[in-house]
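Engineer: Given the sequences, and given the hints that come with them, work out the whole structure.
What follows is each chain in one-letter form.
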Amino acid sequence: MRGSALALKRKQWEPLAFASPSLFLITLIIVFPLGYSFYLSLLNFDLAVGPDAEFVGLRNYTEALLRDERFLGSIWNTAVIIVPSLALELLLGLLIALLLSRVIHGRPIVTALLAIPAMVSPVMAAMAWRMMFGVKFGAINNLGRQLGIIDVYFDWFATPFLSIVAVVLVEIWHNTPFMMLVLLAGLQSIPQELYQAAKADGANAWQSFWFVTLPLLKFTMAVGVMIRMIDLTKIFGLIFILTFGGPGGSTETVAFNTYLVGFKDFRMSYAAALSYVIVLGVLALTLVFMWISRHREARAA
Amino acid sequence: MSTVATATPLVTVRRVNRHRVQRRLAGLLTYLGLALALAFFLGPFFWIVTTSLKGNEDFFAYPPVWIPSEPSLTHYGRLFTHSSGARYFTNSLVISSLSMFAALVVSLPTAYSIARWRFGGGFLSTLLLVLRMLPAIALIIPVYLMYKLLGLTNTYLGLVALYTVVYIPFAVWLLIGFLRDFPVEIEEAALIDGCSRLRALVRVVIPIIAPGLAVVALFAFIATWNEFLFAIVLTGIETKTMMVLVTSFTTGGTDQFYGEASASVVLGVLPAFAVAFFLQRYLVKGLALGGTKG
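Top line first, the protein sequences correspond to chains A and B. Taking the numbering used here, the leading residue of the first sequence gets 498, the next gets one more, and so forth. Taking the numbering used here, the leading residue of the second sequence gets 256, the next gets one more, and so forth.
Hints in this document: simulated from the structure, not taken from any laboratory. Beta carbons are placed, not taken as given, at the ideal position from N, Cα and C, and that holds for glycine. One or more hints might be untrue.
Which bits of chain A does chain B cover? Going by a derived footprint, with three or more residues having C-beta under 8 Å, they are [as the list claims (entries may be wrong)]:
1) 532-544
2) 630-643
3) 732-739
4) 753-761
5) 775-781
Covered stretches of chain B (in silico footprint by chain A; criterion: 3 or more residues with CB under 8 Å from a CB of chain A, positions within the stretch not fixed) [to be verified]:
6) 379-393
7) 528-534
Structural biologist: Quick look at the structure:
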């Protein structure tokens with residue numbers, strides 16, 4: 498092992514002492530609250546009612562998963578947003594990464610410019626687009642009218658379907674750059690000799706993409722998709738600004754629903770239970786993610 | 256015989272020509288595709304910036320004015336004076352800077368412990384990964400109740416402490432990478448000269464991995480700057496951040512006046528622009544680890 502002389506010289510308490518500030522803070526501000534939150538989810542504590550609460554066991558969970566149509570609906574809404582977003586982000590990200598990998602001059606600057614949306618806050622992305630979608634003064638309606646594509650002032654948030662389209666569009670704008678960066682890194686790690694060999698064997702561009710690029714990019718794509726999927730299950734700020742869950746709750750996602758239960762209705766126990774349902778979902782996805790990365794490491798080794 | 260001899264070069268010439276045309280076309284399409292992508296991904300920024308500089312006449316004009324005839328900073332002035340924009344911008348700056356600094360100070364020794372001594376083995380790194388994936392909504396409910404009890408809502412301290420802790424997993428992950436790349440021999444030399452571990456870390460390691468620290472710091476800054484859920488729940492009238500300020504422009508439909516709203520968005524995305532260029536090389540790693548997620 499590298500640095501074995503150092504390992505021998507170390508004092509027993511040092512590793513723990515170095516890590517202890519982080520561990521202490523994580524215990525205090527993450528682990529303890531999460532434990533408290535789980536306890537809370539077993540009560541019927543409601544700030545709007547009063548400070549008294551009694552133990553109700555798993556009733557909050559059974560209500561959430563069996564009877565709460567609003568929450569079950571929010572799971573569906575979240576899925577309806579995630580699936581097209583992920584598919585389009587992957588496709589567009591791959592397309593742009595492939596284009597970028599063909600460019601030699603100016604690639605770093607173009608990549609950096611394209612990456613900017615991924616650096617801004619979901620809140621700011623949503624606010625910019627909210628104004629762009631604006632009925633009378635928004636860029637989209639104005640541009641559409643000027644180009645003669647539309648002849649009325651279009652309300653993009655009038656129907657559930659259009660609102661979901663708008664959310665997905667903003668999400669794609671916001672996070673395709675991330676997918677593009679991940680896939681570009683993946684593309685650049687594919688050895689050029691493989692393409693030369695494919696060419697020597699008479700493969701055309703399409704064949705070398707299908708039989709060289711795609712198989713070698715599979716893991717990178719899986720990792721990118723998993724990271725986005727995990728983050729999308731938590732989508733909150735974008736919804737808050739763009740649609741506030743509307744119209745008629747059609748864009749209310751799980752995190753947004755839980756926020757409303759907790760900080761509009763002040764049903765803290767029930768919100769805690771809902772948040773634990775989300776945690777379980779995210780945990781399951783994280784396990785898949787870890788399995789994929791292990792698998793990749795095993796293959797790489 | 257003679258027909259064959261003349262036919263072959265002709266075919267070759269034609270094929271070469273076709274290849275050249277094809278390659279040119281492919282090149283053209285590549286640049287066209289990238290131009291479209293740039294327009295789509297940067298267009299909204301262009302529109303927001305020009306909108307924030309428009310005067311009232313330009314704003315209501317039809318056909319729409321895309322580039323303001325007389326750019327003015329009135330909306331920024333109004334945002335700063337009328338909507339307390341200056342205060343909230345300062346809040347964002349202060350909270351992000353403090354959290355960034357605290358997260359670095361706490362995370363560096365931990366990362367060192369994991370990188371050099373494999374402290375905690377696989378368990379600690381798995382824990383950190385799980386914490387990175389943890390939904391913020393699960394944390395904010397108990398933290399809100401705790402903070403209310405302790406009087407920490409609507410304080411800098413409360414928000415900074417939470418941000419610091421939430422970004423430890425991210426900072427540690429990135430720092431481990433930088434520390435693993437660091438030549439151990441230099442450190443060994445310092446230790447042999449009688450330096451203590453901590454002294455070696457501060458005097459030898461930090462100066463050399465300073466660029467890495469800067470990368471982590473910038474990501475932590477942006478992440479804190481962009482954070483929304485904790486901020487909207489925990490801040491009050493005095494401690495609001497830029498992200499919370501924006502929500503005050505969303506009441507009353509999409510057609511309310513855009514001046515201040517667009518100015519606040521411009522200010523809100525400013526750090527992201529700066530950082531995207533500085534961090535180019537590290538964007539994949541940082542974003543994958545969740546460097547900017549709010």
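Engineer: Tell me whether the statement that chain B covers the region 775-781 of chain A is true, taking a Cβ distance below 8 Å and needing three residues at minimum.
Structural biologist: holds (count 4)
Engineer: Mind checking, does the region 732-739 of chain A have 3 or more residues with a CB under 8 Å from chain B?
Structural biologist: holds (count 4)
Engineer: Go check the region 630-643 of chain A versus chain B for me, would you? Three or more residues, Cβ under 8 Å, otherwise it fails.
Structural biologist: holds (count 10)
Engineer: Taking beta carbons only, do three or more residues of the region 532-544 of chain A come closer than 8 Å to chain B?
Structural biologist: With 3 residues in contact (Cβ-Cβ under 8 Å with chain B), the coverage given for the region 532-544 of chain A holds.
Engineer: Can you take a look at whether the region 528-534 of chain B is actually covered by chain A? Rule is 3+ residues, C-beta closer than 8 Å.
Structural biologist: Holds: 4 residues of the region 528-534 of chain B have a Cβ under 8 Å from chain A.
Engineer: Count the residues of the region 753-761 of chain A whose Cβ falls closer than 8 Å to any Cβ of chain B, and tell me whether that reaches three.
Structural biologist: Three-residue rule met by the region 753-761 of chain A, so holds; n is 4.
Engineer: Holds or violated: the region 379-393 of chain B covered by chain A, criterion of 3 or more residues with Cβ-Cβ distance under 8 Å?
Structural biologist: That given contact holds, which follows from 11 residues of the region 379-393 of chain B lying within Cβ reach (below 8 Å) of chain A.
Comparing the model with each earlier hint shows no violations; every hint is respected.
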